[in-house]
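Heads up: the protein sequence lines correspond to chains F and A, in order.
The first sequence begins at 1 in UniProt numbering and counts up by one.
The second sequence begins at 1 in UniProt numbering and counts up by one.
Hint data in this document are derived by calculation from the structure and do not stem from the laboratory.
If you're wondering where the values come from, they're calculated on a predicted model, not measured in any experiment.
No residue lacks a Cβ here, since even glycine has one placed at the ideal position from N, Cα and C.
Hints may contain errors.
Only part of the chain F face toward chain A is listed, based on derived beta-carbon distances under 8 angstroms [stated by the list, open to error]:
#1 Glu-79
#2 Leu-103
#3 Arg-105
#4 Arg-106
#5 Gly-109
#6 Phe-112
#7 Lys-114
#8 Asn-116
#9 Tyr-128
#10 Gly-133
#11 Val-185
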Amino acid sequence: MSAELSLKPRHLLPAKANKRTGMNVSVDGLSLYYDRHTKALDDVSLRIKRQQVTAFIGPSGCGKSTLLRCFNRMNDQIEGCRIEGRIRMDKMDIYHPRVDVSLLRRRVGMVFQKPNPFPMSVYENVAYGLRIGGLRRRRELDEVVERSLRAAALWDEVKDRLNENALALSGGQQQRLVIARTIAVEPDVLLLDEPASSLDPISTLKIEELIYELKSRYTIIIVTHNMQQAARVSDMTAFMYQGRVIEFDTADRLFTNPKEKQTEDYITGRYG
Amino acid sequence: MNNSLHRGRFAARQVLDRCANALISAGGVGVILSVVMILVFLLHEVAPLLSAPSLTEQGTSAVPASDSTLLVAEDIGSVGLAFSESGEARFFDLSRDRALLTRSLLYADASVTAATRAALPWGAAALGTEAGELLLVRPEFETTVTQGRRELRPSVRPIVPLLQLAPAGDALLRVALTETDSELAVAAESASGRLYFASWQLDENGLAGSANRVLSLPPGEDPGSSGLLFVDARHRFLVRVTFQGNYTVHDLAPVNNAMPVPRLTSGSLFEAGEQLTAAAVLFGSASFVVASDRGALLQLSPTLQDSGELSLQTLRRFSVPGKAVHHLAADPGSRLFAAVFDDGAIGLFHSTSQRQGWATTGLATDEITASSISNGGGQLLLQDAQGGVTRFSIQAPHADVSARSLFAAVQYEGYRAPIFKWQPATAGATYEAKLSLSPLLWGTLKAAFFTMLFAIPLALSAAIFTGYFMASSMRRKVKPGIELMEAMPTVVLGFLAALWFAPWLDEHLAEALLACLLLPVAVAVSGVLWGLLGNVLRPYVVSGWEPLLLLPVFAGTAALAVFAADLLEQWYLGMSLKDYIYQRWGLDYAQRNALVVGVAMGLAVVPTVFSIAEDALYSVPKQLSDGSLALGASRWQTLRNVVLPTASPGIFSALMIGLGRAVGETMIVVMAAGNTPLMDSNLFSGMRTLSATIALEAPEVALGSSHYRVLIVAALLLFLLTFILNSAAELLRQRLRRRYRAL
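Excised from the complex, chain F in its bound form (with noise of 0.2 angstroms):
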């Protein structure tokens, strides 16, 4: 399973041969550990389907973050942090011991919650991903340029503007920025930790149409804080409570007939 990871990146590949459409996800039993005290994450269950938006919903410091970490391994670099459980991407297990962390990172992208543009130009910003995988040539790197920021609606503004520094730009331009860098590298899965959490309303809604277009070739996993962003930009969404996935539904039916006490009281306002 891990070999499929080791393959050349898809961006190498010929475009026309690269029509995605995301993976399927499934997390079993999954528990985190910061340390031998602090259980983060405890016995995680979930399907995650492509060409769907997933959410994850719960109050602060319920795990919902730690647990999107969880499928690009950015907790790798928490000293002391343990995992058990598996998760497994197209059946392919993400944590196996060869699996090339790099090569996983690189399918499946993440936006978080600061736009985090790097201190360089815009155009370097999206070309970034693709010069790390080893891609030098000028006119594959401006095609990719373009059609990154395109998809990620953000080209009709910078389009003159490709050679400023990207932090000229206003919040809500830096994030669909970080959102064209992710997709610049064509993952499969798109991570996004509470990708509007700290944009203006119409930034807001600009973020939650991209989700949507973004939808029919990519897995799309978010968290977010907002019950009204997760009820409308989301298929299915997972309430978590405390390290555990307290209800898993279809968006339609957790928000309007939830199944559990505690999702109840959380979507009601009652605590969180």
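Dock chain A against the given chain F, drawing on the hints supplied.
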């Protein structure tokens, strides 16, 4: 209801706020003010160096006799002494036109045909007579202060009895006199053209017994018409220059088997038709100046060339506006001399620094018969044919220092070529001070260079590792540990470097250099091995503390270096590495050298650079490196492409502050640099830095002297260097802040 209470509390708070405001402002302004005051003080102390030598006319007085051939003035300039042609010494009050004392030194109807004085303060005077006799006297001024009034009691004391130098009747037409602490030498030319030389030992009273040596040399060309005779202070050379500018240099070394006949060399100074118009021996009797009617002004010194040949070296040509010089008068206490020109202009020149000062006067210079500078150098006296003495006061306290003498190579007396040299004083009173800041500046930069060469790789790699790779539990211990090194007094570092490290390195140079080469290799190899064996070893190592595994690697490398050095020296080179370096590249090994300084000062600089650079790296927002990692970049790629560029201004500012520290650091270089003011880039030779020079010499320097002011210039240079470096660092830091404010 209780309005007054409210207002009172509000007022009290306002007063407190204002007080705090004022206090903080005063503190801030005070800091800026004190830095500015230091700068102002330094500039104020340096300012006198900038004033050019100047002359001001002080009036004319009459000398009781107009026929004097030689003038001498006491140091405040109140008493003059004229030797008349009849052999009288006449003391007179310069300011009140009054004769003080007249003493006849010779017999009746004697006639003085030549006179000169030694180029020393309170030097002896020599008179040659028409009858071929020589008289050596010492003018003295005894000062007594009675009831607040300063009285001078002048006298003239013979040094040796009247000496018949030339055969009776062969008049002495020119004499030269050279005096040192313990010796006196005279050269004279008689009307027949013979040259005579005699020397004496002086006792503690400045008197002489019978002559050590008397020498007579055969006549040269144009007998009896020399324009200048000169004997150097070591009594090695006798120089004769004719009015046509033809010179002869005689070797006065005693004739022996290897050199059976007295040697001489001759040549010409001027073009055909150019005439010598004036000459003067400079202070210390190592060189003299000659002037021509076409405006040439040369400083000359007789020397032995490397081949042993005699020669007359032109030390320098002074640039003067092509006018004829009428008179030259040298200061008996410094290398300053005055040249009186055709058109009445008077120029003051300093030979070492080549500084000039000019005054224009209405004097008819062709009527001037004698000229002299007073013993203390404060007055220039010019006597005209009518017996009037015009006095000028000389203001040239720091004529020996110029931008050229501080920073350019200077042709000093006794050296074959211009050099950069710092040697402000020796025991000799006539020493030509060598005040070139260039070797000190060079030493400062050299020490800083080798320091940074040692410190940058260490400090930056430590900062990168600690700030980016190290587990935070280890970082919490390592960072304060390294920063604690900063608290180590540099005097302790200097002490260890000079008394332990330098001797150790002297004996183990090959081991140390090999270890420097092998360590990076060993670390790289360990890295590769860790990559291969990491999974096997990892369970046995506490996570995050893997670097400790390098300790045995270091120990092993050191052992290997010792072994390999032995092999290298014994089997490959066949000699010690120091000998090899000397034979192969001609580099001398000084025990206290740039390598020792680089290591010792490097250790002092590492904590500073490390601390600031580490802060810069650590404060690169986590979200940036996360963003890069999430795109599939490895940690090294993230470091190179995102973290280092983002932290670069901070790192650069760390380097600048480190460099500023290395430039200003004092104790380590005082103790470990050897303090030799050399100008080479040899790793194995010492140096003398600006800071060390100030530390070593400031406590002993005479306040207000040129040496003192040059030390202040050194301080100013140091101040500016560190100020520029620190300001550049601060500017960069602020740019960094602006650039990443949006993050």
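**Study point:** Hints violated by the structure (numbers, ascending)
**Key:** Going through the list in order, the structure violates no hint and respects every one.
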